[in-house]
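Enquirer: Here this note's numbering is used: the first residue of the sequence shown is 1, the next is one more, and so on.
Read the hints as simulated data drawn from the structure, not as lab findings.
Do not take every clue at face value.
What the hints assert, rightly or not - Label-pair distances were calculated between CB atoms; the ranges are: (1) Gly723 to Glu561: 48 to 56 Å; (2) Arg143 to Ile66: 52 to 60 Å; (3) Ala126 to Thr61: 46 to 54 Å; (4) Leu754 to Ile394: 50 to 58 Å; (5) Ala126 to Gly189: 40 to 48 Å; (6) Val100 to Ala126: 23 to 31 Å; (7) Asp435 to Gly710: 27 to 35 Å; (8) Lys516 to Arg143: 44 to 52 Å; (9) Ile298 to Ser124: 42 to 50 Å; (10) Thr97 to Thr666: 43 to 51 Å; (11) Val519 to Ser395: 49 to 57 Å; (12) Lys515 to Lys311: 31 to 39 Å; (13) Leu613 to Leu754: 35 to 43 Å.
Note that beta-carbon positions come from the ideal geometry of N, C-alpha and C, so glycine has one too.
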Amino acid sequence: MATFDPDLEVNFDLLQVGLDGHIEAIPPHVNNKPRLPLATVPVGLPPVLPTLTEKLEEFLTCPEKIPIHNLEKSQKFWPRKQCPESLYSMDVCPLQTKIVVNRHPTTGELLGFKEEFLNMTGASAANSTSLRRPPGPPSESIRGATTNYPFWPGGLEEPNMRMLKGSTESSDINFDEDLLVVPPGFSSGMQFEKKRLDSLLTGTGDMSRLNLTDILATADDIDLLDDDADDDVINVKKDQHEDRETDQKKQEKVTPALENIDHIVKLDSRSELAEENAAAASSGKDEWAIMLDSTTPIKDFYKRIPDMAHKWDFELDVFQKQAILCLENHQNVFVAAHTSAGKTAVAEYAIALSMKHMTKTIYTSPIKALSNQKYRDFKETFKEVGLITGDVQISPEASCLIMTTEILRSMLYNGSDVIRDLEWVIFDEVHYINDAERGVVWEEVLIMLPKHVKLVLLSATVPNTREFASWIGRTKQKPVHVVSTQKRPVPLEHFLYTGNSAKTSNELFLILDAKKNFVVAGYNKALNAKQERASKSSQSYGAKGTRGGNPTRNMWLSLIEMLRKKEKLPAVAFIFSRKRIDETSQQLHNVDLLTSTERSEVHVFFHKCVAKLKGSDRDLPQVKQMQELLKRGLGVHHSGVLPLLKEVVEMLFHRGLVKVLFATETFAMGVNMPARLVIFDSIRKHDGKELRDLLPSEYIQMAGRAGRRGLDVTGTVIILCKGDVPEMADLHKIMLGKPTLLQSQFRLTYSMILNLMRVEQIRVEDSADACCCCCCCSAVAAAAALLLLLLLLAVAAAAAC
Numbered sequence: 001m002a003t004f005d006p007d008l009e010v011n012f013d014l015l016q017v018g019l020d021g022h023i024e025a026i027p028p029h030v031n032n033k034p035r036l037p038l039a040t041v042p043v044g045l046p047p048v049l050p051t052l053t054e055k056l057e058e059f060l061t062c063p064e065k066i067p068i069h070n071l072e073k074s075q076k077f078w079p080r081k082q083c084p085e086s087l088y089s090m091d092v093c094p095l096q097t098k099i100v101v102n103r104h105p106t107t108g109e110l111l112g113f114k115e116e117f118l119n120m121t122g123a124s125a126a127n128s129t130s131l132r133r134p135p136g137p138p139s140e141s142i143r144g145a146t147t148n149y150p151f152w153p154g155g156l157e158e159p160n161m162r163m164l165k166g167s168t169e170s171s172d173i174n175f176d177e178d179l180l181v182v183p184p185g186f187s188s189g190m191q192f193e194k195k196r197l198d199s200l201l202t203g204t205g206d207m208s209r210l211n212l213t214d215i216l217a218t219a220d221d222i223d224l225l226d227d228d229a230d231d232d233v234i235n236v237k238k239d240q241h242e243d244r245e246t247d248q249k250k251q252e253k254v255t256p257a258l259e260n261i262d263h264i265v266k267l268d269s270r271s272e273l274a275e276e277n278a279a280a281a282s283s284g285k286d287e288w289a290i291m292l293d294s295t296t297p298i299k300d301f302y303k304r305i306p307d308m309a310h311k312w313d314f315e316l317d318v319f320q321k322q323a324i325l326c327l328e329n330h331q332n333v334f335v336a337a338h339t340s341a342g343k344t345a346v347a348e349y350a351i352a353l354s355m356k357h358m359t360k361t362i363y364t365s366p367i368k369a370l371s372n373q374k375y376r377d378f379k380e381t382f383k384e385v386g387l388i389t390g391d392v393q394i395s396p397e398a399s400c401l402i403m404t405t406e407i408l409r410s411m412l413y414n415g416s417d418v419i420r421d422l423e424w425v426i427f428d429e430v431h432y433i434n435d436a437e438r439g440v441v442w443e444e445v446l447i448m449l450p451k452h453v454k455l456v457l458l459s460a461t462v463p464n465t466r467e468f469a470s471w472i473g474r475t476k477q478k479p480v481h482v483v484s485t486q487k488r489p490v491p492l493e494h495f496l497y498t499g500n501s502a503k504t505s506n507e508l509f510l511i512l513d514a515k516k517n518f519v520v521a522g523y524n525k526a527l528n529a530k531q532e533r534a535s536k537s538s539q540s541y542g543a544k545g546t547r548g549g550n551p552t553r554n555m556w557l558s559l560i561e562m563l564r565k566k567e568k569l570p571a572v573a574f575i576f577s578r579k580r581i582d583e584t585s586q587q588l589h590n591v592d593l594l595t596s597t598e599r600s601e602v603h604v605f606f607h608k609c610v611a612k613l614k615g616s617d618r619d620l621p622q623v624k625q626m627q628e629l630l631k632r633g634l635g636v637h638h639s640g641v642l643p644l645l646k647e648v649v650e651m652l653f654h655r656g657l658v659k660v661l662f663a664t665e666t667f668a669m670g671v672n673m674p675a676r677l678v679i680f681d682s683i684r685k686h687d688g689k690e691l692r693d694l695l696p697s698e699y700i701q702m703a704g705r706a707g708r709r710g711l712d713v714t715g716t717v718i719i720l721c722k723g724d725v726p727e728m729a730d731l732h733k734i735m736l737g738k739p740t741l742l743q744s745q746f747r748l749t750y751s752m753i754l755n756l757m758r759v760e761q762i763r764v765e766d767s768a769d770a771c772c773c774c775c776c777c778s779a780v781a782a783a784a785a786l787l788l789l790l791l792l793l794a795v796a797a798a799a800a801c
């Protein structure tokens with residue numbers, strides 16, 4: 001290695017030329033010669049000094065004069081250390097063939113040997129999508145690496161060597177058969193018929209009259225590849241009548257080309273697909289979705305499974321037994337059951353079955369709160385349980401891994417070796433696929449899973465379970481067994497609350513009974529109570545016998561006092577605003593719902609959890625406020641709360657030490673923490689675009705938290721009437737309306753396209769085709785996705801050229 005020598009520095013002087021500030025570099029002053037002045041007259045000095053141009057020309061013509069060629073000053077060598085041991089071993093090429101024994105199929109007699117070629121020679125995670133490729137380094141076994149290829153998705157046709165060889169060979173384009181004449185999603189397109197020039201000259205009218213309709217109609221019919229046509233000809237018509245006749249003739253002559261474009265993308269309309277699904281349902285020939293009857297008891301259940309992988313202390317329901325039978329038969333299963341019906345038992349059996357088989361199970365959830373809760377629950381039942389999120393990573397080598405769906409998508413794209421041993425993937429709250437922002441993640445994961453992985457889909461009740469299961473089965477080329485429940489294990493009763501003081505705290509009116517009958521009389525009583533109080537207030541210029549101050553605070557105080565007297569706690573209050581949650585919890589500073597023993601237990605548990613924080617973080621205002629709320633039996637749960645404090649609130653609520661929990665709707669997303677009662681602060685929320693009423697699926701999801709199975713006969717749901725009583729039609733719609741259909745939210749993203757384009761064998765069109773085949777994806781969305789896909793592919797191809 002050469003070192004820097006200070007003798008090689010180039011010295012120079014600056015010479016001022018003229019008086020305008022122009023500076024030139026000249027050779028340095030020599031000691032034995034007198035120095036010339038560096039400041040010149042306005043016209044400059046005569047050319048007696050050597051210039052840089054001359055010096056540069058000298059170096060270019062005689063390079064050996066450059067100082068760097070002085071080896072004594074510019075080069076230094078270090079003696080090499082001899083290591084003859086490095087010559088003792090060398091890397092050999094991998095074997096291309098193997099010797100196979102040829103035996104008689106009946107007797108097993110040795111008949112000879114034969115040599116076979118190995119297809120996976122040289123395969124690695126960086127160049128192969130096969131499960132038989134060698135595993136990567138241990139550091140990449142969990143998360144994988146961005147340079148790895150994903151494993152081949154199940155349901156897609158695997159490429160063979162002949163296909164790969166044929167794709168690399170160049171072939172001539174047949175301009176008569178290979179060109180598309182109808183764009184995807186359009187009913188007609190451009191015609192490439194060969195026409196003679198004289199066939200286009202159909203009229204000789206006044207050339208000064210140009211018909212725009214005729215120009216647009218005939219422009220696509222001119223054969224641009226015809227050698228006989230030298231000039232473009234515009235067909236001119238005389239009047240509008242002849243134009244209409246010509247247009248009709250053209251429409252009759254045009255033959256739709258390439259009618260079936262299923263190899264690009266399926267654009268089945270919603271009505272046509274609904275008719276097909278109805279026909280399949282009536283005939284019972286839907287091969288991808290198999291509906292199971294959950295009303296007929298299974299009498300020979302324990303005979304069919306004598307040695308169960310996991311047992312419970314209670315008797316299983318019919319739908320749970322049917323799902324477990326599907327798991328034992330290694331079949332995909334879709335469980336659509338009501339809230340608190342017992343879907344977790346199906347997930348637990350899948351985990352136990354994988355531990356019995358010495359394989360792995362991945363449990364995915366939409367939010368971190370559900371992942372944390374499932375980790376705590378499964379840790380009590382099973383020993384080998386791990387948690388992988390963006391923040392923490394606990395026991396990643398465990399047999400059961402709990403993570404969010406985004407983490408699983410990253411592992412699939414990065415070719416994680418965990419996928420090799422994966423037997424089950426449990427999708428909890430799969431109806432979250434309707435989410436406009438994150439729903440596409442569920443579709444990507446479902447498509448990218450290899451074929452050896454089986455699915456357990458857990459969802460709330462949705463009306464189109466057959467359609468959704470049929471799409472999954474068609475995508476993975478494996479049937480999906482659908483199990484559903486008919487009713488809730490704990491029925492719900494819905495009430496309107498209009499009280500705002502101790503005297504009116506009993507104004508609780510039933511509007512929907514446990515049999516889902518809308519009680520009009522109860523609604524009229526609530527309306528009359530609200531109107532009577534308003535009339536008294538207007539007559540007396542102030543309500544008599546009511547507390548002054550904030551009316552919202554008075555309503556909450558009277559409601560909580562009434563619930564405590566009737567022993568209806570614990571309760572979850574859903575408020576669709578973080579700001580209003582904090583304000584409401586701070587207004588109830590006089591409420592104390594805990595006994596001295598419970599307060600002491602909360603104090604010890606809270607300090608034990610907060611001790612994990614740093615010294616300065618323990619004194620944060622939010623920590624102090626949360627401590628004061630929890631000591632009085634109140635809790636707050638929303639996205640603005642620190643993750644540690646949210647986990648503390650969840651654990652205390654699970655123990656029954658949080659009597660009233662103020663939370664946003666994310667708390668209802670699958671968190672298995674049922675309460676005796678659910679309170680709605682309002683039935684309207686702001687979804688980021690507008691203020692709207694709750695959807696039936698949103699209301700059912702949150703109201704489903706009411707009613708603890710085995711403890712409560714019925715669950716109670718209360719809607720506060722802080723202003724006017726909601727309209728009867730709105731209440732009927734959100735309580736008895738049909739849940740939202742499962743709809744595809746697929747959209748092409750740059751990350752998805754780049755991840756798939758890393759693998760030459762996987763076409764982006766195939767993944768888009770699988771997503772857009774979803775039974776609920778509209779034709780417009782599919783066409784838009786395809787156009788974007790073709791545009792990006794064209795840009796990528798142009799960049800590659």
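Enquirer: Work down the list of hints and note, for each, if the structure agrees.
Expert: Right, here's what the structure says about each hint:
1. Gly723 to Glu561: 48 to 56 Å: violated, 22 Å
2. Arg143 to Ile66: 52 to 60 Å: For isoleucine 66 against arginine 143, whose Cβ atoms are near 53 Å apart, the range 52 to 60 Å holds.
3. Ala126 to Thr61: 46 to 54 Å: Holds, at about 52 Å.
4. Leu754 to Ile394: 50 to 58 Å: violated, 31 Å
5. Ala126 to Gly189: 40 to 48 Å: With Cβ atoms ~42 Å apart, the hint holds.
6. Val100 to Ala126: 23 to 31 Å: holds, 29 Å
7. Asp435 to Gly710: 27 to 35 Å: holds, 32 Å
8. Lys516 to Arg143: 44 to 52 Å: holds, 47 Å
9. Ile298 to Ser124: 42 to 50 Å: Holds, at about 48 Å.
10. Thr97 to Thr666: 43 to 51 Å: Check failed, 58 Å falls outside 43 to 51 Å.
11. Val519 to Ser395: 49 to 57 Å: The hinted range 49 to 57 Å holds for valine 519 and serine 395, with Cβ atoms some 52 Å apart.
12. Lys515 to Lys311: 31 to 39 Å: Distance hint for lysine 515, lysine 311 holds at roughly 34 Å.
13. Leu613 to Leu754: 35 to 43 Å: Holds, at about 40 Å.
Checked against the numbered hints above, the structure breaks hints 1, 4 and 10 and satisfies the rest.
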